[in-house]
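**Student:** Next come the chains, spelled out residue by residue.
Protein chains: 4
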Amino acid sequence: MRSLSIQKLIDIFSKFPTVGPRTAARFVFYLLKLPKEEIENLTNSISILKEKVKFCSFCFKAFEGGEELCEICSDPRRDKSLLCVLEKETDLLPIEKTKKYRGRYFILGGTVAKLKKEETKNLRTEELQARVENPEIREIIIAINPTPEGESTTLYLERILKPLNKKITRLGRGLPVGGELEYADEETLGSALEGRK
Amino acid sequence: MRSLSIQKLIDIFSKFPTVGPRTAARFVFYLLKLPKEEIENLTNSISILKEKVKFCSFCFKAFEGGEELCEICSDPRRDKSLLCVLEKETDLLPIEKTKKYRGRYFILGGTVAKLKKEETKNLRTEELQARVENPEIREIIIAINPTPEGESTTLYLERILKPLNKKITRLGRGLPVGGELEYADEETLGSALEGRK
Amino acid sequence: MRSLSIQKLIDIFSKFPTVGPRTAARFVFYLLKLPKEEIENLTNSISILKEKVKFCSFCFKAFEGGEELCEICSDPRRDKSLLCVLEKETDLLPIEKTKKYRGRYFILGGTVAKLKKEETKNLRTEELQARVENPEIREIIIAINPTPEGESTTLYLERILKPLNKKITRLGRGLPVGGELEYADEETLGSALEGRK
Amino acid sequence: MRSLSIQKLIDIFSKFPTVGPRTAARFVFYLLKLPKEEIENLTNSISILKEKVKFCSFCFKAFEGGEELCEICSDPRRDKSLLCVLEKETDLLPIEKTKKYRGRYFILGGTVAKLKKEETKNLRTEELQARVENPEIREIIIAINPTPEGESTTLYLERILKPLNKKITRLGRGLPVGGELEYADEETLGSALEGRK
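Protein chains in written order, with the working numbering: chain A, 1 to 197; chain B, 1 to 197; chain C, 1 to 197; chain D, 1 to 197.
I should point out that these hints are in silico values taken from the structure, not numbers from a laboratory. For every residue, glycine included, the Cβ atom is placed at its ideal position computed from N, Cα and C. Do not rely on the hints blindly, as some may be mistaken.
What the hints assert, rightly or not - Partner residues aside, some chain B positions facing chain A, computed with beta carbon under 8 Å:
#	residue
1	R2
2	T98
3	G110
4	A143
5	P146
6	T147
7	E149
8	T169
9	R173
10	L175
11	G178
12	A184
13	D185
14	E186
What the hints assert, rightly or not - Straight line, CA to CA, 30 Å or less: simulated DSSO-like cross-link-like pairs of lysine-lysine:
#	chain 1	residue 1	chain 2	residue 2
15	D	K36	C	K100
16	A	K166	A	K114
17	C	K197	B	K33
With these hints in hand, go ahead and build the complete structure from the sequences.
**Tutor:** Right, dumping it as C-alpha cells:
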C-alpha cells in the first residue's frame, strides 16, 4: 500500500521516543509537503549534530565548541562546592530555569529499577565517585525523580557515595503548585508538613 | 417519560457534589433495586445525621457526642501550641493520616478567589482571629491548597493574622511522590531545591 | 476520627454506582450543610420511591400509577409491531430523544459476559420469548451496546429468538458524530462504508 | 544553555505535527545517542523521500515508481465506477484495511471550517469535478470525518458536485464498536436506529 521510501521512514520515526506508527506516518506526510530547502535544512542539521556536539568531560552534558568543559562547568561564577546529580540532560534545563541553583551538574545517564550489575553498569557511577572525591565538592544534591525507579537509583547512589563522607541531599518533597491536600499521598503531605516555613 | 417520583429524586441527587443528571438517574435506578431494609437504613442514616452530628465549637469539625469540643480538640495529648488552618473538613483526614501533626485544627469553611467582602464574609475569619489571640498558640500552619484560589486565601489570612504577631507557616512546596523534574513548574522545583535535605 | 453517623453514611453512599469513599465523604459533608427541609425532602423522596414506583408488566420500565402498563406500553399511538430490547432502563431515554422510534420496549435487565446458566438466569429471557411469540410483533430490534459483553448478549438473544421466526435487527454501526476515520476500528469503518447513503 | 546545533534541531522538530519543544528536545537527545550508521540511514531516507515519491495524477496519493498513476489507480481490478473522496492520505489506509471498498480514491487535501474563498481554494475541488465528470464514475462516496469541519466540507462538496448528477453518498453513522447508547448523541443514535439490519 505504502511506497517503500515512505514505509522505511515511518519505521525509523516509529523508534523515536513517544512516537508510534500513526504519528510517524504523519511526520512523513508532513515532510512530503515541505519545500526542498527546509528538507535540506533538516537533514543538514541532523548530520552536523554529531560532528559539532560533544559531551562535557566533567558533567557529560552535550555542548558545542573546542573546549573540554561545557559552558556551565567552565563558568567561573558557578559554585564548585555543589554537585547536582541528574538522571538525564532534559532534567537540567528545568533546574537552571528556577535560578535557584548555581553549582555544577553531573548527568548519570539513566536510572535502575533493580540494583543488578547489568543495569548499574550503564550508569556513570565510577565517574561520579571520581568527581565527588574532589575535596572542593562539599554537597551532592541527588536530583532524581521521586518515582519508584528514581527512588531506588537515589538509594543506590547514597550507598555508594556514603564512604566518601560528603553531605548528600535530596530534593524536598511537598505539594506542587496547583496540588490539593485531599489527593496528596501520605508521604508527600508528611514532607510538606515537616518542610513548612 | 420518567415518573414524577423518579424525576424529583434525580433532581435532588443532581445537586450533590460531582453528580450530573446521568449519574443521578443511575442512583435512582440503583435505589429501585435495593431491598426495603437497605432503603430504610439509608433514610434513617440521613435523618439522624443532623440530629447526632454537631460542629466543634473550637475547630468546626463535625463530631458526635454531648460535649462542646470534638475528639481532637478535647484530646489532652494534642499540642495546643499548634493550629492548622484548613479550607474544609475533607482536608483533615489526609493530614491525620500522615501522623506528622499533633496540634489542633481550624476549619475555615471555604476559599476566596477575589478578596471581596461578600466572599470573605463566608469564611470564619473572626473565629480564627479569636483562636489565634490565645497566648497558648505559638504557630499557625496555613494548610490550604496551593491552587490559585488557595493562594489568594492564604495571602489574605497572612494579612489579617499578621497584627497578632504569631509565627505563621505554609506547607512546604516540592516534588510530590511520583513527580518528574521535567514536568515540574519553576516555583515547585525552586522550592524543592531550597528545601533539600 | 470520623463520627459513627458520618462513617456509616459514607459506607452506604460508597455502594452507590460510580461512588468511592472520597466522593461519599463529600456527599455527607454536603448533607451536613443542607437546611432541614431539604434533608426531609430527600428522605421523603427516597421513601416514597418504592411505594409509588412499580414496574410495567410488559416492558419492565419503572413508572407510577394504578395501571399494569407504563405510559409507553399503554399509549395507543405506539407501533405494536416493533419491540426494542434494552439492557437497562437508562438506555431508554436516549432512544426516545432521537424521536426515530415509535414502537415498544423490553428491558432485559442486564448483559452476560459468558453464557453460563448462573448468568443468563438473571436476564428476563423467558418474558422476552413470551412477548415475541405474540403475532402482532413483527420486528425485534436488539439495541444493546456494541461492547464485548453486549455483543455476546446480542448473540445469545439472537440464538434463543431465532426459533420464533421473527425479523431480528441490530442497531447500525458506523462513525459517531465527531468520530475520525483515522482512529476508527476496521469493523466500525467497514459498517460505515456498507451503510453509506 | 543549549548548543546552537541542538537548539536549531529542536526548533525544526517543534514544527512537526503533534510535537512540542519538550518532545523535540527528547528527539534530539535520542539522535545524539544513535550510532553514526543510523543517523545516516535517517538523513538518507529523508533526502530520497522527495526524489522517489511523487503524487498520483488521478488521486493525489503519494507513491513511488515511473508511472503517472499510483498502484491503486492503475490496478485493473479496482472498480472504476466508485470514487471515495478523502480529506488526507492518512485516511486511506484505514479504509483499505476494512477490505470493504474496491473503488478508487481522491485526496481532497484538507477541510474547510468556513466556506470562504481563501480556504476553499486550497482544496482540489476543480480536479475533483474533472474526475467526477467522467461518465464511468457512478457513485461518489464522501468519506470525510463527521466532525464540524468535516461536515461543512461535505456540504460544500455536495453542493458543487450536485450539478454533475451523480449518486453522492456519505459514510453511515452509527454506534462504533465499544460505544454505549447512554453516551451516544441523538444524531448518532437516530442514524443507528434507521440503519438497523
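**Student:** All hints are to be evaluated individually against the structure, with a verdict given for each.
**Tutor:** So, going through the hints one by one against the coordinates:
A cut of 8 Å between beta carbons decides the hint on R2(B): the least distance to chain A is about 34 Å, and the hint is violated. Among the interface hints, the one on T98(B) holds; its C-beta lies about 4 Å from the nearest C-beta in chain A, closer than the 8 Å criterion. The interface hint given for G110(B) is broken, as the beta carbon of that residue sits about 14 Å from the closest beta carbon of chain A, more than 8 Å. The interface hint given for A143(B) holds, since its Cβ lies 7 Å from the closest Cβ of chain A, which is under the 8 Å cut-off.
For P146(B), the suggested interface contact is upheld, since its CB lies about 5 Å from the closest CB of chain A, less than 8 Å. The restraint placing T147(B) at the interface with chain A holds, with a minimum CB-CB distance near 6 Å, inside the 8 Å limit. With 8 Å as the threshold, the beta carbon of E149(B) stays out of range of chain A, its nearest partner Cβ sitting at about 11 Å, so the hint is violated. Because the beta carbon of T169(B) sits about 4 Å from the nearest beta carbon in chain A, less than 8 Å, this interface hint is met.
Against a cut-off of 8 Å between C-beta atoms, the interface hint on R173(B) holds, since the closest Cβ of chain A lies about 5 Å away. For L175(B), the suggested interface contact is upheld, since its CB lies about 5 Å from the closest CB of chain A, less than 8 Å. Because the smallest distance between the Cβ of G178(B) and any Cβ of chain A comes to about 6 Å, under 8 Å, the interface hint for this residue holds. This hint holds: A184(B) has a C-beta 6 Å from the nearest C-beta of chain A, less than the 8 Å allowed.
Interface hint at D185(B): satisfied, since its Cβ lies 5 Å from the closest Cβ of chain A, which is below the 8 Å cut-off. Residue-level restraint check for E186(B) holds (minimum Cβ-Cβ distance to chain A is 5 Å; threshold 8 Å). Distance hint between K36(D) and K100(C) is unfulfilled; the C-alpha atoms sit about 63 Å from each other, more than 30 Å. Among the hinted pairs, K166(A) with K114(A) is consistent with the structure: their alpha-carbon atoms are about 25 Å apart, no more than 30 Å.
Taken as a hint, the K197(C) and K33(B) pair is broken in the structure, with Cα atoms around 43 Å apart against an allowance of 30 Å.
The structure fails hints 1, 3, 7, 15, 17 (numbered hints given earlier, in ascending order).
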